[in-house]
Amino acid sequence: MKEQTLNRAKLGAFVLIATTFLIVGLYFIGSKKNIFHSSISVSANFSNIGGLIQGNNVRFNGINVGVVSKVYPIADTAIKVEFTIDQSSTKYISSDATVSIGTDGLLGNKLVNISPGKKKSKQIEEGNLLISTRPIQIDSELRTITTTNNNLKVITDNLKDVSEKLNNNNSLWQLLTDTRVADNIRKAIVTFKLTGENTAVITGNLSKFVTDIKAGKGTIGALLTDTSITEKLSQTIININSISDTMAIISGDFKTFSKKLNNKNSTLSTLLSDTAFVHNLNSSIINIKDGADNFNKNMEALKHSWPLKKYFKQQKKSKQN
Amino acid sequence: MKSKALTNLLKETADLYLFTIRFFKEGFKPRFEVSELINQCFYIGNKTLPLVGITGFIMGLVITIQSHPSMKAFGAESWLPSVVSVSLVREIVPVITALICAGKIGSGIGAELGSMKVTEQIDAMEVSGTNPFKYLVVTRVFAAMLMLPLLVILSDAIALYGAYIGVNMKQVISFQLYSNQIFSKLTFSDVLPSIIKSFFFGFAIGIIGCFKGFSTKNGTQGVGRAANSAVVAATFVVFIIDLMAAQIADIFSIT
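Same order as they appear, the protein sequences are chains U and W. At position 148 of the first sequence the residue is numbered 148 (our numbering), and the sequence of numbers has no breaks. At position 156 of the second sequence the residue is numbered 156 (our numbering), and the sequence of numbers has no breaks.
Be a bit skeptical, because a hint or two may be false.
To be verified - Result set (DSSO-like, lysine-lysine): computed pairs, CA atoms no more than 30 Å apart in a straight line:
1) K2(U) <-> K47(W)
2) K47(W) <-> K10(U)
3) K80(U) <-> K185(W)
4) K10(U) <-> K29(W)
To be verified - Pulled a few chain W residues facing chain U out of the computed Cβ check, cut under 10 Å:
5) F42
6) Y43
7) G45
8) L49
9) M147
10) P149
11) L150
12) L151
13) D156
14) S179
15) N180
16) I182
17) S184
18) K185
19) I195
Everything labelled a hint here was simulated from the structure, so no lab data went into it. Model, not experiment: these values are computed from the prediction. The beta carbon of each residue, even a glycine, is placed where N, CA and C say it ideally should be.
Kindly produce the complete structure, drawing on both the sequences and the hints.
Structure, rendered in structure tokens:
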């Protein structure tokens with residue numbers, strides 16, 4: 001009887017341990033599939049899901065946050081993917097997060113990747129429809145890589161041509177290998193250096209010159225620094241001053257004179273303003289003019305007169321010669 | 001001669017079918033031989049555990065060591081735990097455990113009941129007012145049905161530990177990472193079908209062992225034959241059930 005009890009106890013332990021293993025194992029499997037976490041269900045529409053199936057993982061920034069719960073077509077070019085997201089992760093995912101379909105490794109299972117949206121957007125909620133982006137199709141990527149490879153081939157061919165030409169073309173190569181060019185450049189640099197040094201010497205001289213001028217050495221220095229000249233100059237200015245004073249006196253006299261001229265009672269004014277006098281003067285001038293005309297005529301007549309005629313002819317002749 | 005063998009086979013099949021029906025008739029009718037059931041559970045469960053445990057451990061270790069070179073050739077060494085765990089849990093551990101049990105339990109039941117039969121103990125039991133079918137058959141079959149899944153679960157655990165050691169022989173991997181990898185790869189549809197399957201394995205082993213024992217003839221010579229044919233038939237039926245389980249799982253897309 002005692003042995004039977006012991007056996008029963010052993011059997012109980014056996015059953016208990018085995019059941020515990022089963023429950024723990026199932027719990028771990030379930031927890032990996034997010035079965036025992038409270039979760040929300042959201043969805044996204046894709047044009048091509050590339051083999052995604054129910055149970056595939058959903059990742060947010062690389063962390064597993066849920067599983068795909070349902071995949072079904074809703075139109076001829078649209079597949080609806082419903083998936084769960086662990087409740088504890090929802091506070092980090094905004095409702096404008098984008099969803100794409102990726103692969104775990106190069107050949108691994110398909111999975112849904114959630115990329116975060118803007119921080120200020122609303123938190124994700126049950127039933128949200130997320131924005132989807134086109135999944136990366138390995139075959140189309142390979143096509144792009146093929147094009148890139150072809151381009152690379154052309155580019156390397158061209159590079160090969162260029163380097164061959166560089167090797168074969170003597171003039172270019174000579175230019176690169178010619179030591180004279182380098183020598184010339186070196187000489188030019190030396191000359192340039194000399195020029196610089198000379199410039200420095202000139203600058204030094206110039207500064208000395210300026211210093212000398214300041215110190216009153218040389219003609220310009222003397223000119224600029226001689227105090228006697230300054231005195232002479234001030235004397236001259238004084239003279240100019242006295243001249244202008246004299247001029248002022250003269251102009252004052254001239255003023256008095258013009259005043260007298262303006263005075264109608266003065267002799268000069270009378271003379272200038274008397275119209276009869278002016279008339280007489282005019283007729284006198286006319287008379288003088290007439291007299292001069294007559295005189296001209298007399299003189300012309302005199303030219304043609306016999307005793308003087310020969311003299312004018314000779315004069316004309318000598319002018320022509 | 002051939003027709004006699006065929007007739008014998010068909011007759012035996014019919015007998016087994018009737019025996020099974022009788023089991024279901026008797027099995028769910030009171031009174032239940034609980035004490036004997038627990039005894040049988042102890043003998044089938046506890047006494048088989050060391051054998052099953054060691055076998056499971058070795059299988060886990062060996063499968064890992066054998067898979068390592070081919071996984072390495074694909075550059076998928078890191079997938080070794082997941083691959084090995086799936087193959088162990090889904091197929092290898094349930095079938096190996098069932099075969100071990102077919103050998104140990106099937107032969108044991110066959111020999112025990114056979115010797116009881118030939119020494120007319122069963123008839124004596126009937127005379128004394130105890131239902132021998134209930135006391136001997138129903139308890140053993142139920143015990144096998146209940147213990148086989150538990151043995152498979154424990155064997156799974158031990159085999160996965162063996163696989164952990166196997167993985168660590170070639171590379172260094174923490175137990176935490178190992179368990180993470182296997183539990184993220186395993187699904188309910190890997191574990192539950194294998195456990196449901198092992199109920200049927202247990203039933204088949206128990207019922208065939210009992211049938212062979214109950215139908216023993218020709219004295220002590222027949223006892224040995226009964227034990228032997230119980231193991232052979234049970235092993236064969238285990239594979240048939242495994243095939244059917246795989247087919248059914250495939251039909252219901254539990255893959």
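How the hints compare with the structure:
With a CA separation close to 18 Å, the supplied pair K2(U) and K47(W) stays within the 30 Å bound. Distance check on the hinted pair: K47(W) and K10(U) sit about 10 Å apart at the alpha-carbon level, within 30 Å; holds. Taken as a hint, the K80(U) and K185(W) pair is honoured in the structure, with Cα atoms around 25 Å apart against an allowance of 30 Å. Distance hint between K10(U) and K29(W) is fulfilled; the C-alpha atoms sit about 28 Å from each other, no more than 30 Å.
Because the smallest distance between the Cβ of F42(W) and any Cβ of chain U comes to about 4 Å, under 10 Å, the interface hint for this residue holds. Annotation: Y43(W) was flagged as interfacial toward chain U, and the flag holds, the nearest CB pair being 9 Å apart, inside 10 Å. With a least beta-carbon distance of about 5 Å to chain U, the hint placing G45(W) at the interface is held under the 10 Å criterion. A distance limit of 10 Å between C-beta atoms decides the matter here; for L49(W) the minimum to chain U is near 7 Å, and the interface restraint holds.
Interface restraint check for M147(W): the shortest CB-CB distance to chain U comes to about 8 Å, inside 10 Å, so the restraint holds. Here the hint on P149(W) is kept, as its CB sits about 8 Å from the closest CB of chain U, short of 10 Å. For L150(W), the interface hint holds, the least distance from its beta-carbon to any beta-carbon of chain U being 4 Å, beneath 10 Å. Checking L151(W) against chain U by beta carbon gives a least distance of about 7 Å; that is within 10 Å, so the hint holds.
Look at D156(W): its Cβ gets to within about 7 Å of chain U, closer than 10 Å, so that hint holds up. Below 10 Å, beta-carbon pairs count as interface contacts, and S179(W) has one with chain U at about 7 Å; its hint therefore holds. For N180(W), the shortest C-beta to C-beta distance to chain U is roughly 8 Å, which falls under 10 Å, so the interface hint holds. Interface restraint check for I182(W): the shortest CB-CB distance to chain U comes to about 9 Å, inside 10 Å, so the restraint holds.
With a least beta-carbon distance of about 4 Å to chain U, the hint placing S184(W) at the interface is held under the 10 Å criterion. The criterion of a C-beta within 10 Å of any C-beta in chain U is met by K185(W), whose closest approach is roughly 9 Å, and the hint holds. Below 10 Å, beta-carbon pairs count as interface contacts, and I195(W) has one with chain U at about 7 Å; its hint therefore holds.
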